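Here is how the chains run, residue by residue.
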Amino acid sequence: MGFFLWGFLTDFFTYETTKSVVVKSWSVGIINRIVQLLIITYFVGWVFIHEKAYQSSDTNIESSVMTKVKGFGYLQNQNQNENYQNRVMDVADYVSPPQGSGVFCIITKLIVTENQFQGRCTEVSTHSTQCFLPLVSYTPGVITGACLKNSNESHGMCEMEGWCPAENDAIEIEPMDVNNFTIFIKNSIRFPLFNVTRGNFPPTMTAEQIKKCIYHPEDDPLCPIFRVGDVLHHTGQNITELLSRGGEIGINIQWECNLDLNIENCIPKYSFTRLDAPFAKNAVSKGYNFRFAKYFKTENGTEFRTLHKAFAIRFDVMVTGKAGKFNTIPTMINLVAAFTSIGLGAVLCDIILLNFLKGAEQYKAKKFEETVPLLLSVTYFHFPVIRLCPPTLHYQDTNRSAKELLNGADSDL
Amino acid sequence: MGFFLWGFLTDFFTYETTKSVVVKSWSVGIINRIVQLLIITYFVGWVFIHEKAYQSSDTNIESSVMTKVKGFGYLQNQNQNENYQNRVMDVADYVSPPQGSGVFCIITKLIVTENQFQGRCTEVSTHSTQCFLPLVSYTPGVITGACLKNSNESHGMCEMEGWCPAENDAIEIEPMDVNNFTIFIKNSIRFPLFNVTRGNFPPTMTAEQIKKCIYHPEDDPLCPIFRVGDVLHHTGQNITELLSRGGEIGINIQWECNLDLNIENCIPKYSFTRLDAPFAKNAVSKGYNFRFAKYFKTENGTEFRTLHKAFAIRFDVMVTGKAGKFNTIPTMINLVAAFTSIGLGAVLCDIILLNFLKGAEQYKAKKFEETVPLLLSVTYFHFPVIRLCPPTLHYQDTNRSAKELLNGADSDL
Amino acid sequence: MGFFLWGFLTDFFTYETTKSVVVKSWSVGIINRIVQLLIITYFVGWVFIHEKAYQSSDTNIESSVMTKVKGFGYLQNQNQNENYQNRVMDVADYVSPPQGSGVFCIITKLIVTENQFQGRCTEVSTHSTQCFLPLVSYTPGVITGACLKNSNESHGMCEMEGWCPAENDAIEIEPMDVNNFTIFIKNSIRFPLFNVTRGNFPPTMTAEQIKKCIYHPEDDPLCPIFRVGDVLHHTGQNITELLSRGGEIGINIQWECNLDLNIENCIPKYSFTRLDAPFAKNAVSKGYNFRFAKYFKTENGTEFRTLHKAFAIRFDVMVTGKAGKFNTIPTMINLVAAFTSIGLGAVLCDIILLNFLKGAEQYKAKKFEETVPLLLSVTYFHFPVIRLCPPTLHYQDTNRSAKELLNGADSDL
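Chains as they are written, first to last, in UniProt numbering: chain F, 1 to 413; chain L, 1 to 413; chain A, 1 to 413.
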């Protein structure tokens, strides 16, 4: 029993290593080393240094955005609405929704229809002899089917039911100048995987500095206050058209953080795009507008409303980020891939060595040892060995195999 | 020195390859090739073709959603509110919030409590002799503790402080029919990793086409206009109940883009789910409703309000996406894994070869060369070699080892 | 032709395995096994069990949040506004926006400026002899440049154009007590990769249980109803200051799901942070406030408004998640990396074996077989072999190489 255990232990604590053939050939040797060098260069330069494959990364960013707009504008409005003529608009008037979230609109143009009551009246836009229900085009109310016209006219206007008088949105008005408005953006992010929290301006910035600065891509890339005109300019779009028809602007805050370096290098990068750019070729639904109403009551309690068709620039503050930090798993996997890849260079060299080089047959003979199944080889092997060579010869042969083969073959047969 | 360098270079530019044993056995050979074939098939078919392991992928999608609802509805309301009786509701009335963001509500039912002033009055719902403060159940105001009842009654109603009269939300009203409303969705996305921007309808679609089309999963899968009734129908829910109690509907836009192919194949896929489905089994908080108020002023400046309990269908347009593009790092890692895995087939063959095959001992002898430490082997090895075999014999032995062993052993001892 | 095919098949269905040298040395054997043990332990313990490298993971969570606030508060307001004096605030008054989305504000303090009309009046805050346009500091309207002062005074007040009278936000008022308000959060998530949908409270929870419970990290970690005071307390911030100046609170719902286990273990974990914490060191823009207006009309149709500067606590319900499920690709890659890494242990052992051990030269001789290009070796190799040893000797040599070498060399020359 003890002997058995000893035998097992002796067998267990052996070390097995592959037997190698060393080829002293300059041509193959140089090819071998060059291939290895290329592979090492690729892994060190591209995989490890450029692509940072030794890091695990987190793109699942947690972000909170707070915005605050400042500025005053004059609303040059249509003449018939005295309430809106040359009105000074402040933040409570033109920012919607007012809560300062990451998505907000700055209203640049308002088509106002005051004193709408529920009832029946003529539609404004479509003139027709047949007042059927239009399927797609916008009508400001439910078409009743009746056609209101004077007896001597062939064409009239459709009657509609709903809020009357109907909105006439065909009028042309000048948009409000919002270029000098400023947007203050407070963005705090967290990478949950690494539990790292950052803000979009450094804690060393004083309140005085922040109040005075204006964002500039080169001169002041960390200032959190953006001039609306600058933002629109950075998108490369026609500002006049944007103000007049509305539009969607993306303010992208990109966090690319290498957490192996100083955390102070983990700073945001801003970029600005027009979000409806993919639809530039379609003529449909250009710009951005929405309708909202303010509700009032007459003395006797009847509700009426003021309808607003608001053309606005919508800002979407979108935060994307990626943090990387050293992690053993990707490092191990990539290191193993690197080491194994170096070995793959040998495949190429073997092909050259065994096929195209002078002396290929010699190398083949060196590299490959052939063995044939026992049943075929037994006559071919067994007897000549015994007859021609004394067993002591085996001590001289450093290969244990021949001797064992004999013994093995003996005991098997 | 020059000689030393030369020696170093000679050593450096050598090529080392493993010595292999070639087993000419049909059984093992066939097993070997079948295992290799299976592994190659798995890697080519599953890992590379199906799972696209040669691509790096980006799921961190940047998305902007703009929505616009169209349609008119009649609000069949309770009799006592003349303001809301058979009112025609338009977008400004029933969509909340109005800005056309990715999350919006279509109000289907309104319980309206008009002319609420601050003060004290009786609560509507709970009739009780003891007016204590209820902890959880909804009361429309702060319970003062007083119980208002006629002297001849045993039960009365609790007095409350707040907006009076109190809301009575127990009344039954018919929901508005919103099935024929349409939702226009404009979604532009970007994969920041690959800097690819896409819109949810192709740029070749004209304004005319878009205005006329209605989304259909098979017939018109790219039309960005959705009939509300269709959307509700696709969720497989009871539409009558949804309209009556409200609900949360998810409109999922899924982008699965293989950027190695034509970018035109990168198109969205829509799916519709009821988001409160995981809570279907709990009887709590079914449906979806919220309260909002419109504020008015009397002539003498006192503020009063109209409270609305709105039952609504909330639509959450949720955009998910994944883009894949060829990248050398995952390709390298998976290729190395593939090649190494093919080698793993040899482990299986070795087990069969060395244990279960006829002639296993012979193979073992071929594969393994044994060596024992020098101190033990020296007597066993050294002398017989010298005595029995002339050194010239070593030239015949293609193994350089025995000769070197002698020399090495000599110089060591 | 048939013979050629047969030969090809015989060659194809052979099995090639590396020739190994077995070193029967206790020292190297033990080192070898220890290194292998360490590598296996690392892979099994860290890579597979701890880091779950056998799973593919999805962090791209799809989430929908519905919130509902309950509670009443008293607004202790400035004396001059009778409308807001000791007003009972309900949900429709203090929650903004009212739709119950994942981001909402609870207003704690209101600075109300009633009856603002468009016009010109004096600014409240800045007293100056020179009324130039201030760039950054907040003014409630457009400064006209005129300075309104009595003739006998040296200092006056600037005239502004806009909504008059101007807001005076310097007054001190007590915030509303919101500690006892409750927030009900309904969160349903989906992992699109695995198509798994979950809700934030178990379906076994009855409506009664949910109505009565209050979230507690240890005692009731799955209750979806949160006391506002508890949430503020969990952030570790000064609650009095939070109520008075406003603030942004993050309610993080973290889903960490191992989908290989029972799906019932896939439950949310709540945590609470103050989101503006990264800006704590900057003195700028502490707290959270926004302005909104209610619009009214006089009898003769002139619009006027009530401006509110609302100090609020904004709650951002942020949902992050990660689901993992067994997947063959990462499993294969990591297994291959593991197996290959075990092989890397051999590199260490080889270095020890070939350099530091007694008998290193002997091992070297065993492991490496040298071969030199044919042109050099031909004299050195060919003739002695033929002269000294009879060809029959080759049968005794288990290496096929020497014999083949001769043949090969013969035919080549």
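Please note: incorrect hints may appear among the correct ones.
To spell it out: a stretch of chain L is covered by chain F in this simulated footprint if at least three of its residues, at any positions, have a beta carbon under 8 Å from a beta carbon of chain F; those stretches are [stated by the list, open to error]: (1) 11-22; (2) 34-48.
Taking lysine-lysine pairs in the DSBU-like style, the calculated list, with each CA pair at most 30 Å apart, reads [as the list claims (entries may be wrong)]: (3) A/K322 - A/K286; (4) F/K281 - L/K68; (5) A/K294 - F/K309; (6) A/K286 - F/K70; (7) L/K364 - A/K309; (8) F/K325 - L/K68; (9) F/K286 - L/K70; (10) A/K364 - F/K294; (11) F/K322 - L/K297; (12) A/K364 - L/K297; (13) F/K24 - L/K364; (14) A/K70 - F/K269.
Read the hints as simulated data drawn from the structure, not as lab findings.
These figures come from a predicted structure and were not determined experimentally.
Don't be surprised by glycine CBs; every beta carbon is placed ideally from N, CA and C.
Here is how each hint holds up against the structure:
1. 11-22: It holds: at least three residues are needed, and the region 11-22 of chain L offers 11 whose Cβ sits within less than 8 Å of chain F.
2. 34-48: Coverage by chain F is violated here, the residue count being 0 at a Cβ distance below 8 Å.
3. A/K322 - A/K286: Measuring from Cα to Cα gives roughly 33 Å; hence the hint is violated.
4. F/K281 - L/K68: holds, 20 Å
5. A/K294 - F/K309: holds, 18 Å
6. A/K286 - F/K70: Roughly 17 Å separates the two Cα atoms, so the pair holds.
7. L/K364 - A/K309: violated, 88 Å
8. F/K325 - L/K68: Distance ~43 Å between F/K325 and L/K68 Cα, so the pair is violated.
9. F/K286 - L/K70: This hinted pair holds, its Cα atoms lying about 17 Å apart.
10. A/K364 - F/K294: violated, 93 Å
11. F/K322 - L/K297: Answer violated: F/K322 to L/K297 is near 52 Å, above 30 Å.
12. A/K364 - L/K297: Not OK: A/K364 and L/K297 at ~101 Å, beyond 30 Å, violated.
13. F/K24 - L/K364: Status holds; Cα separation ~29 Å.
14. A/K70 - F/K269: violated, 40 Å
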